[in-house]
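Let's have the full structure, built from the sequences with the hints guiding it.
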Amino acid sequence: MKMNEKIIRYFEGQMNRSELQDFEQQVNSSPSLKKEIEGCRKFLEELSSTKDLSVDENYFINILPRFRVKLESGKRKKYYPRLAFASALLTVIIIFYLMPDGKIVNSSNTANDLSASEITDYLTTNSSQALLTNLPPDVETKYDSLLDGMIYNELNSDREDFSTASLYDKLDYNTIIQSIDRNEAAMVYEKLKNKKFF
Amino acid sequence: MSDTNVDFDLVKSFTNGDESAFNKIVLKYQHKIYWHARRMTGNHLDADEVVQEVLLVMYNKLKDFKFQSSLYTWIYRITSTRSINFINKRKVKQIFSFEDQPEIKARQDEEIINDIEAKEKLAKIEKILQKIPPKQKEVFIMKNYEQMSYEEIAEVTGKSVGGLKSNYFQAMKKILKLVNENE
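Protein sequence lines, in the order shown, are assigned to chains A and B.
Heads up: the first sequence runs through residues 447 to 644, numbered per the numbering used here.
Heads up: the second sequence runs through residues 38 to 220, numbered per the numbering used here.
Calculated from the structure, these hints are not laboratory results.
Glycine included, each C-beta is placed from N, C-alpha and C at the ideal position.
Errors might be hidden in some of the hints.
Stated by the list, open to error - Derived list of chain A stretches under chain B, where covered just means 3 residues or more per stretch with a C-beta under 8 angstroms from a C-beta of chain B:
#	stretch
1	453–460
2	476–489
3	493–504
4	512–522
What the hints assert, rightly or not - Which bits of chain B does chain A cover? Going by a derived footprint, with three or more residues having C-beta under 8 angstroms, they are:
#	stretch
5	53–64
6	67–75
7	90–98
8	156–166
9	210–218
Claimed, not checked - The calculated label-pair distances, taken between Cβ atoms and stated as ranges, are:
#	chain 1	residue 1	chain 2	residue 2	range
10	A	Arg487	B	Ile132	31 to 37 angstroms
11	B	Val198	A	Asn474	29 to 35 angstroms
12	A	Asn474	B	Glu218	21 to 27 angstroms
13	B	Ser106	A	Val538	45 to 51 angstroms
14	B	Lys164	A	Leu544	56 to 62 angstroms
15	B	Glu154	A	Asn450	28 to 34 angstroms
16	B	Ser106	A	Ser519	27 to 33 angstroms
See below:
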């Protein structure tokens with residue numbers, strides 16, 4: 447039997463007479479074992495002396511009133527986990543499907559269903575976030591023409607001006623200068639003079 | 038009237054809607070609940086939290102109590118389980134540093150014991166007991182403070198006598214080591 451087991455049996459009072467005599471002999475012949483036994487005895491004695499301590503009885507007087515207060519406030523704030531879960535789930539679903547202005551987006555089928563004015567409205571308010579990828583070709587065309595229209599509108603010009611502009615892209619600087627007469631040059635000069643660049 | 042009969046009547050009255058019967062049960066057992074929670078958790082504030090939790094469990098579950106054990110055994114079982122749960126939660130909190138050192142120190146300093154010498158003695162014991170795993174500590178406390186037999190402890194904890202003996206042995210081994218380190 448290991449020494450620890452013997453010590454525990456000793457403190458538990460489980461040793462018979464001869465075992466006890468042998469153990470006591472061992473303890474008396476070993477100072478370290480004696481010290482170990484004394485330390486443990488002291489600990490168990492101290493533990494026994496803390497069984498009935500004098501305490502502040504106010505604490506015990508207040509246990510019940512405090513519990514009753516807690517119980518009452520708990521009843522008032524009753525928590526319904528299932529209801530909380532259901533409402534959280536509903537909120538997530540609503541956020542997932544609806545955009546801020548209440549329209550369903552990100553679906554090519556839905557985009558097909560929208561009228562031109564609805565798409566224009568949507569692009570006007572959400573052009574920076576709009577995802578035009580993965581759309582069917584006819585919808586892309588629809589968007590393209592609508593976007594073009596919005597750009598012309600914004601620049602106070604029409605499709606013809608843009609055709610001319612794209613024609614000028616193909617010309618070099620000298621050709622453009624030569625094609626401008628004196629009046630046009632004076633007008634451009636006046637406009638540039640009055641333009642605030644910064 | 039025997040103690041068990043008194044408890045039976047109190048539980049019956051409470052089940053029939055008499056709230057004052059619950060108060061009487063609490064007044065009868067609150068010291069025992071507190072001291073078991075205190076020895077398990079190792080300080081007053083944590084013990085107080087466990088006490089309030091135990092009372093809430095008692096209040097909610099007393100209606101289902103069927104007197105298959107004594108009322109005291111039932112309350113003791115709730116206190117023990119709640120204390121172990123509390124210790125485990127506290128350990129997690131400390132690992133993830135949800136509680137900082139001054140906060141822990143403040144909790145340990147809160148006290149209801151009047152006598153300074155007794156306070157110091159208890160603090161020394163609690164310091165050692167806190168280093169023992171909760172399940173081993175539970176058996177050690179029941180044996181040494183409550184003088185319960187292994188059979189009685191088995192009724193409270195629902196564990197086998199063999200398992201309890203092993204837990205007690207492990208607890209004693211650790212205490213022997215800790216006491217000698219502190220000497």
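Cross-check of the supplied hints:
1. 453–460: holds (count 3)
2. 476–489: Held - the stretch 476–489 of chain A has 6 residues with a Cβ nearer than 8 angstroms to chain B, which meets the minimum of three.
3. 493–504: holds (count 9)
4. 512–522: Check passed, 5 qualifying residues.
5. 53–64: holds (count 3)
6. 67–75: Three-residue rule met by the stretch 67–75 of chain B, so holds; n is 3.
7. 90–98: Result for this restraint: holds, n = 3.
8. 156–166: holds (count 5)
9. 210–218: With 5 residues closer than 8 angstroms to chain A, the stretch 210–218 of chain B meets the three-residue bar; holds.
10. A/Arg487 x B/Ile132: 31 to 37 angstroms: 35 angstroms, holds
11. B/Val198 x A/Asn474: 29 to 35 angstroms: About 34 angstroms separates the Cβ atoms of B/Val198 and A/Asn474, which means 29 to 35 angstroms holds.
12. A/Asn474 x B/Glu218: 21 to 27 angstroms: 24 angstroms, holds
13. B/Ser106 x A/Val538: 45 to 51 angstroms: 46 angstroms, holds
14. B/Lys164 x A/Leu544: 56 to 62 angstroms: 59 angstroms, holds
15. B/Glu154 x A/Asn450: 28 to 34 angstroms: 31 angstroms, holds
16. B/Ser106 x A/Ser519: 27 to 33 angstroms: 32 angstroms, holds
Hint violations for this structure: none, all hints satisfied.
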